[in-house]
Amino acid sequence: MKLIPSKLLSRRRQDSPLLPPGQSVTDDLPVRSSGPIPSIRRQDWEFLIRTERHRDHRWDWAEFQALPQEDVTVDIHGGTGWSKLATRWRGVSLDVLLDGVTTRTEFAMAHSYGGYTTNLSLADLRGGQAWIAHQVDDEDLTPEHGGPARLIVPHLYFWKSAKWVHGLELMRRDEPGFWELNGYHMRGDPWQEERYW
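Using this note's numbering, read the sequence shown as starting at 2 and increasing by one per residue.
Here are the simulated SDA-like pairs of lysine to any residue, each with C-alpha atoms no more than 20 Å apart in a straight line:
1) LYS85 to VAL26
2) LYS85 to ASP72
3) LYS85 to GLY23
None of these hints come from the bench; they were simulated from the model.
Make a model of the complete structure from these sequences and hints.
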């Protein structure tokens, strides 16, 4: 389990240099979405990685649950200025899911049930930086928070952590997803305040 030292958390304040610029701490996990909340039953859920050569790697819910699970405690930062500290997630690392996937690409488009998309670099998805999570704070993810499973990329603004995730399409070049087409930054680093183009 990855943990942040409690003495470090206790020193965090709204004006702390440990909080990204322009962010304020919240105790709640805000609910934001660009449309209706889809309802996906676990028996109907699957996660798909499609390579640039149209080779598919698929996991249904049971296969996904059988993969090595990881518990992580991370801070998350919304593009609208909120930050929630020390959130606890359980899920499968993208390193596990991408292991054995042959690709020469550098980019991916995350696709969600309901049609939402967001672009990411594979460098931001690898190296213990991203997970497909199915629990938050020891509870199963509710549909409002992206359940049954969502992408978690905590070092980027939270719009990059696609709710209701269905899969990744590996791409040869970077292309904008839903919010990126509407003026949001292509990468979204909160420490650089990469909110908008």
